[in-house]
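S.K.: Residue numbers (my numbering), protein chains in the order written: chain A, 900 to 996; chain B, 964 to 1311.
Incorrect hints may have been included.
Example chain A residues on the side facing chain B (calculated, C-beta under 7 Å, incomplete) [to be verified]:
{"hint": "1", "residue": "Leu938"}
{"hint": "2", "residue": "Leu954"}
{"hint": "3", "residue": "Lys956"}
Everything labelled a hint here was simulated from the structure, so no lab data went into it. C-beta atoms are modelled at their ideal positions from N, C-alpha and C, and glycine is treated no differently.
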Amino acid sequence: MNNCNELNSLIKDVSDLLKSESTLTADTKLSDLKDWTSLSALNLIAMIDDKYGILLKGSDFHRIQTIHDLFVKITCPTSEQTESPSDDVKQWITPYT
Amino acid sequence: MKAIINNIEISSIAAWLPTRKIDMDSMNDMFGENSVAETIRTTGIKQIRLAEPNETASDLCYNAAISLIEKDAIDTSLIDGLVFASQTADYIVPSTSVILQDRLKLSRDTVCIDIHYGCSGYIYGIFQAALWIQSGACQNVLVLAGDTTSRLIHPKDRSLRLVFGECGTATLVSRGDHPMGFTLHSDGSGANELIVPAGGFRLPISEKTSEFIADDECSGRTKNDLYMDGTGIFTFAVSRVPRDIDNLLSMVGWQKDDVDVFALHQANKFIVDYLQKKINVPSDKVPVNVALYGNTGPASIPLLLSDLYSTEHQSLKKVIMSGFGVGLSWGSIASNLENTRFYEPVNK
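Next comes chain A alone, as it looks inside the complex (with noise of 0.2 Å):
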């Protein structure tokens, strides 16, 4: 299967998990779906872990935005560099000054 195929598979994947009334495409902002919620999330998580074998962290919803990221994070899963703590975050974590 090509990389278009691919990814047209995975838009279909997203598309009934999620029972879009609208078409989605690879631009497609997760975020913009309607009734998108952190339910969503976690069964978008575990359909890509039965479906494709990654387990992806929670943390990596700060960068997959659209399905085209999703992709990317799906086919080359070792691509990104981890992400740190963010201000809001570090601020618990670290005294408080």
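With chain A held as given, fit chain B onto it using these hints.
M.R.: Same frame as chain A, but now just chain B:
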């Protein structure tokens, strides 16, 4: 950490449910009907129990302990250890376990300890009790596990209010005929995934920490409240728990097919069902009872066992218990529960 401790048994388990029932769909106006319905569909949680405003976790556990002591007809002078596993202690100082020693009229020779863990707290509590008994320090240890998690949750936090319930439990651990296997693990790099950021000594409560931070138009919290990265916790559980259970089974020499029950922390139905698939065992071996109780934190495993096995009689020669959550921390127990007395949860 992994260890096998010989001649330990869980003698009896009791649970005490608060009588205040909250239906999840009563929160439709606050969080939106569709959102609540989707959450119920995913988590399987339709109702929770909450303590009265003047009740603490130690009150719930005290009631469970009194129930267990009465039903077991045990002489309380024979109880010489008390563990209180909870994240919602009565006071910053002193330890709640010591207060419970007095309330339960246990001997002043009783050794008491608070274990400040949540959803893995029951595993830690049983491990502590087993160590005391194995060392000869104690004969009978009460492990009291429970939280009033709602006190940590902002009223507008949709994802947490629709999941966490409250319960107190009591477990009596004594000398027995069988070995008990334990594993415990820690990963502090995930501390921020389940945290109350402010209110300790690292980040005291201030005007700034009390500012409301919205997730969206319907949900949010301040830094004085519990925060949970739901997707992060899910990934953590899926990546750690099945492997931990596999390792424990290898250590105690059990085959997966021989295990009668996998009593997993009842985070929600979605997580427990997914773990069942990853552990690769039939669904009837991985019970779920969140529908009417929600996620009761450190109480969830003993509540599950007392809820199911006080009335249902099945072989419990090989039982795996597994807890996972705040810390991050996770761990499992392999135990023979065929002689354990399970009492129906009070106020069920």
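S.K.: So which of those numbered hints doesn't the model satisfy?
M.R.: As far as the earlier hints go, not one is violated by this structure.
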